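Enquirer: Sequences listed follow chains A and B, in order.
For the first sequence, this note's numbering gives the first residue as 3, with consecutive numbering after it.
For the second sequence, this note's numbering gives the first residue as 3, with consecutive numbering after it.
Honestly, the hints are just simulated from the structure, not real lab data.
Some hints here could point you the wrong way.
[As the list claims (entries may be wrong)] Now the in silico label distances, taken between C-beta atoms and shown as ranges:
1. A119/B with R51/A: 28 to 38 Å
2. K43/A with N112/B: 23 to 33 Å
3. V85/A with G13/B: 49 to 59 Å
4. G118/B with G55/A: 23 to 33 Å
5. F120/B with S50/A: 53 to 63 Å
6. T101/B with K132/A: 47 to 57 Å
7. K98/B with K97/A: 28 to 38 Å
8. P53/B with R77/A: 28 to 38 Å
9. K97/A with A119/B: 18 to 28 Å
10. E69/A with R77/B: 54 to 64 Å
11. A100/A with A133/B: 45 to 55 Å
12. G13/B with A119/A: 42 to 52 Å
13. G48/B with P126/A: 36 to 46 Å
14. E70/A with S64/B: 32 to 42 Å
[Unchecked claim] Which stretches of chain B does chain A cover? Using the computed rule of at least three CB atoms under 8 Å from a CB of chain A, they are:
15. 45-51
16. 55-67
17. 79-88
18. 97-106
19. 134-142
Computed from a predicted structure; not experimentally measured.
Backbone N, C-alpha and C define an ideal beta-carbon position, used for all residues, glycine too.
There are 2 protein chains.
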Amino acid sequence: MPIFVKEIPPGYRDWKVVSVAHEEGNFNSLGAILGNELAIKAYREGGSRFPDGAIIAALHYSHTSSEENNKVFGRSQSFVPGVPTNIQFMVKDSKKYATTGGWGFGHFANGKPADGAFIKTCFPCHNQVKARDLVLTRYAP
Amino acid sequence: MPIFVKEIPPGYRDWKVVSVAHEEGNFNSLGAILGNELAIKAYREGGSRFPDGAIIAALHYSHTSSEENNKVFGRSQSFVPGVPTNIQFMVKDSKKYATTGGWGFGHFANGKPADGAFIKTCFPCHNQVKARDLVLTRYAP
């Protein structure tokens with residue numbers, strides 16, 4: 003079983019924005035991707051290498067039609083975060099997480115970590131983007 | 003002509019996240035809504051009243067299919083920020099912007115402010131949400 007992130011890093015809700023994301027299909031999510039200071043610095047320097055201590059957080063919510071916005075705009079077009087679905091983290095520690103490219107992966111729903119079997123599915127996808135140090139999300143200007 | 007925001011508030015890209023948003027239709031946008039410290043504090047206290055000095059920023063990008071993410075996931079489902087389209091601001095100054103509910107509105111595309119005729123269209127919609135001090139975006143947990 004891979005080593006994974008079992009505790010939510012403190013203060014993540016106050017971190018700076020990396021980007022935003024919308025996933026259709028089973029995910030049906032609208033998300034904010036945030037980074038701690040080390041992660042943001044690495045992104046702004048090109049995002050090809052993240053130092054130990056860098057953490058990236060993905061806050062996911064259900065992709066939900068906003069009736070109140072649609073009413074104001076007079077058009078049905080607006081989607082906003084609905085219920086929070088999960089929060090995911092990538093924590094860089096090249097020793098602790100050596101077997102998964104130096105990154106520990108974490109997934110929390112209702113504050114509870116997912117189990118190792120679930121987390122095992124993170125690395126194979128992330129490992130496809132070696133040029134960006136296994137980080138899928140690009141920095142939004 | 004209403005008074006509007008003609009200069010981009012400094013440092014906005016480092017502000018904390020209020021929420022994210024997806025607009026279909028003509029907008030076709032994916033956005034991050036950020037707030038300066040005064041705005042975030044007001045949001046976390048309920049968001050029914052924003053003090054002078056509060057600023058809310060909406061960073062809009064084209065809602066763009068991510069071919070590289072879809073390839074990694076093996077499914078066509080992922081949308082990310084494409085080209086930046088505009089940045090909008092709401093600046094609270096109850097004296098300066100008294101005629102528009104205490105808020106100055108600004109819209110910048112390629113760093114250039116929109117003209118007064120365009121900005122005139124902001125207030126009537128925002129003025130429909132008086133219970134939240136004219137702020138449409140709700141805080142995402």
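Enquirer: Taking the hints in turn, state whether each one holds.
Expert: These are the hints, each one checked on the structure:
1. A119/B with R51/A: 28 to 38 Å: 48 Å, violated
2. K43/A with N112/B: 23 to 33 Å: Holds, at about 27 Å.
3. V85/A with G13/B: 49 to 59 Å: 32 Å, violated
4. G118/B with G55/A: 23 to 33 Å: At roughly 48 Å between Cβ atoms, G55/A and G118/B fall outside 23 to 33 Å, so the hint is violated.
5. F120/B with S50/A: 53 to 63 Å: Given about 40 Å between the Cβ atoms, the range is violated.
6. T101/B with K132/A: 47 to 57 Å: About 56 Å separates the Cβ atoms of T101/B and K132/A, which means 47 to 57 Å holds.
7. K98/B with K97/A: 28 to 38 Å: 55 Å, violated
8. P53/B with R77/A: 28 to 38 Å: 32 Å, holds
9. K97/A with A119/B: 18 to 28 Å: 60 Å, violated
10. E69/A with R77/B: 54 to 64 Å: Taking Cβ atoms as reference, E69/A and R77/B lie about 29 Å apart, which means the hint is violated.
11. A100/A with A133/B: 45 to 55 Å: 53 Å, holds
12. G13/B with A119/A: 42 to 52 Å: 43 Å, holds
13. G48/B with P126/A: 36 to 46 Å: 44 Å, holds
14. E70/A with S64/B: 32 to 42 Å: For E70/A and S64/B the Cβ distance comes to about 24 Å; the hint is violated.
15. 45-51: Coverage by chain A is violated for the stretch 45-51 of chain B (0 residues, Cβ < 8 Å).
16. 55-67: holds (count 3)
17. 79-88: Three-residue rule met by the stretch 79-88 of chain B, so holds; n is 6.
18. 97-106: violated (count 0)
19. 134-142: holds (count 4)
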